[in-house]
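For the protein sequence lines, the chains are A and B, in the order given. Sequential numbering of the first sequence, starting at 1, is according to the working numbering. Sequential numbering of the second sequence, starting at 1001, is according to the working numbering.
Hints may contain errors.
To be verified - Computed cross-link-like contacts, DSSO-like style, restricted to lysine-lysine with a CA-CA straight-line distance of at most 27 Å:
| id | chain 1 | residue 1 | chain 2 | residue 2 |
| --- | --- | --- | --- | --- |
| 1 | B | Lys1236 | B | Lys1260 |
| 2 | A | Lys63 | B | Lys1309 |
| 3 | B | Lys1294 | B | Lys1368 |
| 4 | B | Lys1072 | A | Lys54 |
| 5 | A | Lys54 | B | Lys1309 |
| 6 | B | Lys1344 | A | Lys63 |
| 7 | B | Lys1236 | B | Lys1060 |
| 8 | B | Lys1060 | B | Lys1314 |
| 9 | A | Lys216 | A | Lys116 |
| 10 | A | Lys159 | B | Lys1238 |
| 11 | B | Lys1107 | B | Lys1344 |
| 12 | B | Lys1344 | B | Lys1368 |
| 13 | B | Lys1072 | B | Lys1314 |
| 14 | B | Lys1314 | B | Lys1026 |
| 15 | A | Lys159 | B | Lys1170 |
| 16 | B | Lys1215 | B | Lys1026 |
| 17 | B | Lys1314 | B | Lys1025 |
| 18 | B | Lys1072 | B | Lys1344 |
| 19 | A | Lys77 | B | Lys1395 |
| 20 | B | Lys1344 | A | Lys159 |
| 21 | B | Lys1314 | A | Lys54 |
| 22 | B | Lys1215 | B | Lys1368 |
| 23 | B | Lys1260 | B | Lys1150 |
| 24 | B | Lys1238 | B | Lys1312 |
| 25 | B | Lys1081 | A | Lys63 |
| 26 | B | Lys1127 | A | Lys159 |
| 27 | B | Lys1395 | B | Lys1111 |
| 28 | B | Lys1060 | B | Lys1170 |
| 29 | B | Lys1344 | B | Lys1314 |
| 30 | B | Lys1127 | B | Lys1314 |
| 31 | B | Lys1395 | B | Lys1236 |
| 32 | A | Lys54 | B | Lys1215 |
| 33 | B | Lys1215 | B | Lys1060 |
| 34 | B | Lys1368 | B | Lys1335 |
| 35 | A | Lys77 | B | Lys1215 |
If you're looking for bench data, these hints aren't it; they were derived computationally from the structure.
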Amino acid sequence: MVMNKNIGLPPERKGAFWTTESTLAYFLVLPAIAVLVAFMFYPIVYVFLTSLYKTNRLGNLVKFIGTDNFETLFSDKEFWEVTIRSVIWTVLAVSAKTLAGLVIALLLNVDFKGRKLARTLVILPWASSVPISAMLWLWVYNYMFGLLNYTLEITGLWKNPPHWLAYPLSGFLANLYVDIWIGIPFMALVFLAGLQTIPKELYEAAEIDGAGSFTKFLLITLPQLGYVVFIVTLFSTIWTLAMFETAFIITQGGPMNSTHLFSTFTYQIGIALGRLGEGTAISLFMFPILIVLMYLELRYVRKGA
Amino acid sequence: MKKIGLIAITLSLIPLLFGTPVGAKKEVNFFLARYDGLRPEYYQDLNRAFSEANPDIDLKIIPVDWEVLHDKLVTAIAGGKPPDLSVIATRWLLEYLDMGIVEPIEKYLTKDLIANIEPAAMEARIKNVLYALPVAVGPRFLYYRSDIFKKHGIAGPPDTFEEMLSQAQKIHNPPDLYAVGMTGKKFHALTEYTYYIYENGGDFFEINPDGSYGKCRINDEAGVGALSFMNDLVNKYKVTQPGVTGYSQDEVQDLWASGKLGFILIGAYTDVVTRQRGATFEWDYALMPHFAGKDRHTLLITDSIMMFKSSKNKEAAAKFLEFFYQDEWRLGFDKQVGFPPVLKSVGKMPYFQAPIYRAMVNSMPGAKGWPLVAEWEECNDIIWNAIGATFLGQKTPQEALDEAAAEIDEIRRGE
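Pulled out of the complex, with its shape left as it was, chain B reads as follows (with noise of 0.2 Å):
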């Protein structure tokens, strides 16, 4: 008897194991990538407002680093275990819709919410069909220390990379000054190499005649062009910061933080992280340059938020999405991670009438993203070595772009 009791209890135990039900709640898990200047009690303030809203969604928003976001969602996608709504780099999207694993989100939201979003931030709008929706959308433009340009007399910023080199050349000033800020070092984002490529009247691929992406051509005259002009800066002018291959974008904007650069090519976080980092010195914004001859093209990053398809509360997750999305909410987010809005009825309010936001909105016509493709993170590893591979000397930019090029043909091929 005694022995039967115990094995009784030993089963009853296990399922302690595996934890127990939590009710009747609804649980949405959204994946919330962490950017730089949006603070933890933003989101904390968001879950338990949400939560006071809606006492019968249990609302679990998990903070992820950017750098391991695409790698957790592959991790929880293979694993069976993604979330219901993720914070995606729109670039993703491809990967995903190739995956099978993405829900398209415009039937679950109102058409107030869809008409309130700028139609230029619909990235993720694929042959009409919604898949994600905008959360953050950003040129990319040039930040320079307006306080060196003042004592060494130079009037504006640079409309050209040319007058950036020639400006860099005279305020360039180590170890307590670097002229212009260099990423080397690989990357969850193809930054640095897109601004030139684009401004060099480059691109990625060739476009068909049906509008898909055809042969790599990052190694023709612009795409080289580009590399060529990025090493120059670096073991030719020497007017980067040394090292740069050990420099990934977040440490180049630590450097621009501390005071130590004078032109960085970034986003608009930057300016909030300079401030919350206490800087003193004085800086301004402008256009992103461009080569001299060449249209003005600036990269423009979206980010956008996914719904799974494997998401057991769809109706509970949109329900959250449209709680994000109102004015209240989404102010206090673009407010932090310094991003113009995604909405138009945000779009509007005077705080986003600053220079900065003018810089923003003058740097969109021309502007365009990364292309679509859903290879792209196998692109992005190698291209990032070929970049990395010229600056250490190992290979000419000719020569580093042409293995690049190939490379990519052949996995797009599927060889």
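Chain A on its own, in the form it takes in the complex (with noise of 0.2 Å):
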């Protein structure tokens, strides 16, 4: 007896090529197919290519020269302090970020007379454009007319306060605080979400037996957001890891390049200076440390799902 493999499925349809559905769906799949191959395969595959080639200054590729930009860039002190700056910054960010987060969302979570009042203004920060922010904030530093140090100043704070972006150490911190500030309201939205789905008598439960505050957030709240906290934190390490904009509007990477991080160093070496070959060397180097973040990322995920 011939079982027919295809009970329960729709009949094939028989006809011209341009009349199956399959081949339609192919057809207006094509459009989307043609942007994501001309705008990201094409390009990764170039920057692989350059990094390769000697170029000249339009970016034509001039003359193959294997891996003698990765071993200009390797052999640079300023590449290694780069590198160490960037994880360093992608370190302290990230903590922050989750910490202050976590803070922000358990207290947003208790019911509270305004509490829509402060959810909508503790994302103000990150649904503002970030150009914008970091643009706002060089102003805060401003030595003469910036908010801060007049505030420090009229306050009695600090009598003489420095110029924030003046210094190799202070222009560090400075970006680093701008950019948590732009990152902690998607945390806090994330973990807030999260604290959402834990089931309340969970918490009754553990009243019941005598729990303390500290004693509940440790063995029902921390473990039911962990995987919440794993995801969003390996999210942020990826963004704060490529971020460009802060360093680049508040410091351009000064002064004296003691600013620069992975993406602005890219663009100082690779587009300012027009040494194409070694700017994308730079991006290289961090693709395989933010593939495994995504691999992580995704591993995750679907394990979740």
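Since each chain comes alone in its own frame, lean on the hints to assemble the complex.
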């Protein structure tokens, strides 16, 4: 007896190529695929090629030089300084955003008067455009006319505050603070959403057993939120490592290249100085790190699903 | 049938993604650098007037900040979509000639226009070929607070940097007034240091017998002396604004316009900017000081308009240049940006007989520009790093300039 393999499936339509549904589907998806290939795959392939070539200032591939661009980079002290700085930046920024986001989410999860307004205000930094926020903070940090120094002086907290953007360490911290300020709302919102999915019965049961606030947080909230925290922290790590606007607008990598991160350093070398081969080599250095992070992200998302 | 119809509609919509052709008009794109003092109404009116006079040409004037103009051009060139014309800092010309993208401009222009341009402004004429048309020429000079001088009984502006230091020490009164404005933040133009090195008898490169540039010499006695003096102003005598490494030239200009500085070394546009911002203090102009015993050589900056080889409408672009270089439009431009006129006919007008223009004219003898080398942007970057490292106390002037000179020589050797 021949089994009909197509039981339950719609009958395949016979007819001209153009009239089958799957062919139509391919046609409709074709423009999107073309855009993806043109604006995603082609640039990635070109970046790989560029890193292996000597280029002229127009970005044309002139001569195959193999790994010379990478060797030049790896022997450059400044590149390693940027690498270490980028790692420190990412660790500090993501830690601060996660911690502050969690605290704010816990506070916003409590029912109080004005909670809706508080939630709206918290989201504002994230809702604004990043370049606009960075320009705003550029003026806040201004030595003569900025709000920060003015506030420090008139409150007596600091009679002679420094020029925040004029020195390597304070410039780095100034950029870092802005990145944290912009990133906290997203973390807080996602954690808040996660908190609201935790069954209230768990807390009630814990209260009956005599658990205090801290115990409930440690033994219920954190484990229940663990998956969300991990995913969001990974997202934040990818975004933070690739951050460009904040450092570029506020300090442009200065003073004296002391606040450059991977992304701004790539721009400086590749675009500003016209050394496209080295610039692409820097961006490719980040590539494996980002690939690993994205793989972990996808793996855990699938696991969670 | 329905499916064929749907596919046909989808395919016919695709061209809309890429825009529709703009009729028969010739398109001319012009990157105009956003000069301080130049109002948007000026180039909007220019655009309108040219379009009315030339309905067959679709002119797009695209204003671009100086800070990003070089990078924007590099990106546009690399992307195969440069404009037809662009204002450039003439020091970038060698870089673009190296890329092979510059169209020699003289053959598209009338002899009358060329003859009406001040010869001293023709920095873009290299080996007798004119590659770009001068649009702005300006020597740098000294602005000083004449009201503060009167208050302290100082007779007149300093002739030497040593005198400037002495006067600075008298008038320095933080936080109300900082005597000397100093740029320490990397900027697209290597100002400040150039003033001091040139006025100390120094230069960036040795000149070979054939006139080409040789070894970098910023770390010789004149170069180190210039940076040492700048560093002394900042860190030893402390007569500048604090945190100099946080100030670009524009930001120092902001301090001047808000009345916070006693001296500033800068260009003509600052006069326009200061007036536009409604400053109520009194100021005056003087020649750039020089170091005692050294000849005076102020920095002369020229900007030019360059035509790109890839332009598909070169004649139309040239038509726009002929229009723009009429006295009426050049007068408006020069008045707003504050530079002396590049056109002889405009230079004779009464407006340009004012004291500030006399100061600029008097600054011209001995004035010189930055070296025209293809790698100037990289040299710029390296020297700024050296200056900043010195101001921050990370290196001595000699150390910083020795390293910078070595790096510059390496780059120019192509290593």
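**Item:** Hint numbers contradicted by this structure
**Value:** The structure conflicts with hints 6, 7, 16, 18, 20, 21, 24, 26, 27, 28 and 33, although it agrees with all the remaining ones.
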